[in-house]
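Residues per chain, in single letters:
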Amino acid sequence: MFFRFLLRRIFYVIPMLLITTLIVFSLILLIPGDPALALLGDNATAEKLAALRAQLGLDQPIIMQYWHWLTNAIQGDLGRSLFTGEYVSDAVFTRLGVTFQVVAMAMIFSFAFGLLFAITSVIKPNSWMDYIARFFGVLGTAIPNFWLAMILVVLFSVHLGWLPATGFTSISDHPVDFMKSVLLPSFCLGSFGAAQITRQLRSSLIEVLESDYIRTAYSKGLLLWQVIWKHGLRNALLPVVTTAGLLFGNMLGATVVIESVFAIPGMGQLAVHSILQRDFPMLQGVVLIMVLMILIINFITDVIYGVLDPRIEFE
Amino acid sequence: MSQADEILNVLSLRASFPTYQGKVKAVNNINFSINKGEIVALVGESGSGKSVTALSIMGLNAPTIKYEKNSLISYKGQDLLTMKKKKLKKIRGNEISMIFQDPLSSLNPLQPIGRQIAEPIQLHQGKSFFSAKERVVQLLRMVGIPAPEKRLQDYPHQLSGGMRQRVMIAMALACNPTLLIADEPTTALDVTIQAQILNVLRELQKDTGISILLITHDLGVVAEMADRVLVMYSGEIVEEGDVFTIFKSPRHPYTQGLLNSVPKLKGAGEDRLKAIPGVVPNPLNLPEGCNFYSRCSYSSEKCSAAAPPITDSAQNQRFACWHPLEKKVNQFV
Ligand SMILES: Nc1ncnc2c1ncn2[C@@H]1O[C@H](COP(=O)(O)OP(=O)(O)O)[C@@H](O)[C@H]1O
Ligand SMILES: [Mg+2]
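Protein sequences appear in the order of chains A and B.
The first sequence begins at 2 in the working numbering and counts up by one.
The second sequence begins at 831 in the working numbering and counts up by one.
The hints are simulated quantities; they were obtained by calculation from the structure and are not laboratory data.
Positions of the beta carbon are idealized from the N, C-alpha and C atoms, including for glycine.
Be aware that a few hints might be false.
[Stated by the list, open to error] Here are some chain B residues the structure puts well away from chain A; computed CB gaps all over 12 Å:
hint: 1; residue: Ser-927
hint: 2; residue: Leu-934
hint: 3; residue: Pro-950
hint: 4; residue: Ser-958
hint: 5; residue: Asp-1072
hint: 6; residue: Asn-1090
[As the list claims (entries may be wrong)] So the derived list for chain A, only partly shown, Cβ under 7 Å to chain B, looks like this:
hint: 7; residue: His-69
hint: 8; residue: Arg-81
hint: 9; residue: Tyr-214
hint: 10; residue: Thr-217
hint: 11; residue: Ser-220
hint: 12; residue: Lys-221
hint: 13; residue: Gly-222
hint: 14; residue: Leu-224
hint: 15; residue: Trp-230
hint: 16; residue: His-232
hint: 17; residue: Arg-235
hint: 18; residue: Pro-240
hint: 19; residue: Arg-312
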């Protein structure tokens, strides 16, 4: 049953990947600016430029270029960087590891705060905790993360000197330094998520707590916190799973900004550099992997949903 | 009945909900008691305050509810209305438990039924799920679920409506309570299933000696199940008596009206079905005198001026009416 569900999903993913990559591929080539010019400099002669374009395949129609790229990509060859000559797949996967650590921390952060705020505000409605939760719910949604990032860097790195302003240490290299380097970026990345999860979980908890089976739970002799823990939370988390999936994609996109502010060598930063340098093969690789990530997350979201809710059957 | 047999005593219970439109008077000064091993039916049209009464006993009404000062619900000599939460929690689901109208929405959709039935046992007897399992299987067998060992992992949506209500009953009986409150337990079920569920309840009552407060609007259910009947109208108990007396010789016109609106097999030709005319008074704005005044064919000026008090509870039938129907003696209908 589950295996068939998996096969079916993979089957759906393929056309989606084709369409998104084609669109992205075309858009990238429409970016004004010429990689040949960027490589050779302003003084290059017209012949040299044309020769290089032909060598890079840039003189062919977009659809041909796409076909060429696609057939190579299927074989695992995403090409090489126009500038460093690095294999795109190597560069992208190294960066992906970094970004994944940052985003995972941001996700954990979002859920930790979201759960804490939502539950406390539901346990004591209209208490000061409830007001704080609601206040952060609005604040986290409203504050732009790059602004928050700059403020936090000024406060914690420049003034207090507690945390590094830039750079990144992998968790496998040095866990403590990892925490230090990832704290501010993931906080900035996760503040929006925390606010979203707080708001949604709060309202879905309130709704769930009014249902009949919660009354049944009380009638068994459970106290409020037991009712929430044993019967309320799992039911209330169902709609949040979808939000979390969307958030993940959202955060991947936001790394473009956050990784630039904190100089973290991740996918976001790579995307920005590739755009600035017109490093098309690299940019295509980055986008492909991001799209893949989002499709995988969607799939995982559906699986989690099915695991949480026995009424859903994998078909 | 001696005092010792009384397990629950409701005394001048008045409950209301403040709303933006005003005070919704849901329960207006009711008195009744439930004895050990007795099935007491609480009947009345919808909106008459039956559920609010039941939930007052459980302490599960909406938090906006206000109980009037002298209200008292005495269980084994302790007032449930003013009891501390910690103490009340030890009674709920352990000594007094409740089943509801809609078993599907009353069960947690995300938890296997075995877990849900075991929960009160784990909670009140400090057992692990594993050691409670045996009892769960026994309970499922008691309520007539076939192959109970195989049902533990089932989710509510995988069971039929009747099976779900059996699960609810099993859950309510898990800790051998002294009182079971059943709020319209068969209303949401098919007629044939209704009969099965009532059977289960009756058999369990015989086997365990539990007391049952059975809430219903169906006099057929009352006739089949109850020892004693409380007739509720607009938040008041307008008549009370043992089931034979009430069915044979109702004294309150409202009770008579309810009885007349039940289809009978015998004599259906002469006695055509008569619905009670009019509607229940608005609980936001109850009349000065008798609440039934506007719908009653026996009413007089006296009825609109003052509410009739309920007669002495020492008799086996009591009623609140200025113009009670005549008592029928030894007459077979
Ligand atoms: N939470 C509440 N807020 C306001 N009014 C309520 C609430 N619960 C019940 N009521 C009112 O109390 C009255 C009695 O309701 P209820 O006990 O549910 O009737 P029933 O006899 O059908 O069970 C109704 O008029 C209902 O509208
Ligand atoms: Mg009701």
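If I take the minimum Cβ distance from Asp-1072(B) to any residue of chain A, is it greater than 12 Å? Asp-1072(B) clear of chain A: closest Cβ-Cβ about 29 Å, beyond 12 Å.
Determine whether the non-interface label on Ser-927(B) survives the test: each CB of chain A must be over 12 Å from its CB. Non-interface label fails for Ser-927(B): nearest chain A Cβ at 6 Å, not farther than 12 Å.
Hint Leu-224(A) vs chain B: min CB-CB distance below 7 Å? Because about 6 Å separates Leu-224(A) from the closest Cβ in chain B, which is inside the 7 Å limit, the hint holds.
Restraint: Tyr-214(A) near chain B, CB-CB cut 7 Å. Satisfied or not? For Tyr-214(A), the interface hint holds, since the closest Cβ of chain B sits about 5 Å away, which is under 7 Å.
Holds or violated: the hint that Pro-240(A) contacts chain B, with Cβ atoms closer than 7 Å. Result: violated, 13 Å to nearest chain B Cβ.
Proposed interface contact between Arg-312(A) and chain B, which counts if any beta carbon pair is under 7 Å: At 5 Å from the nearest chain B Cβ, Arg-312(A) passes the 7 Å test, so the hint holds.
Does His-69(A) pass the interface check with chain B, least Cβ-Cβ distance below 7 Å? Interface hint status for His-69(A): violated (50 Å vs cutoff 7 Å).
Interface hint check: Trp-230(A), Cβ to nearest Cβ on chain B, cutoff 7 Å. Holds or violated? This hint is violated: Trp-230(A) lies away from chain B, its Cβ roughly 12 Å from the closest one there, beyond 7 Å.
Please confirm whether Ser-958(B) is truly not at the interface, meaning its C-beta sits more than 12 Å away from all C-beta atoms of chain A. Given a closest Cβ separation of 15 Å, the condition holds.
With chain B as the partner, please determine if Arg-81(A) meets the hint condition of a C-beta pair closer than 7 Å. Arg-81(A) check fails; min Cβ-Cβ to chain B is 51 Å, beyond 7 Å.
Does the no-contact call for Asn-1090(B) survive, Cβ to all of chain A over 12 Å? holds (34 Å)
Answer holds if the nearest beta-carbon of chain B is closer than 7 Å to that of Thr-217(A); otherwise answer violated. Since chain B brings a Cβ to about 5 Å from Thr-217(A), closer than 7 Å, the hint holds.
Comparing the model with each numbered hint stated earlier shows that hints 1, 2, 3, 7, 8, 15, 18 do not hold.
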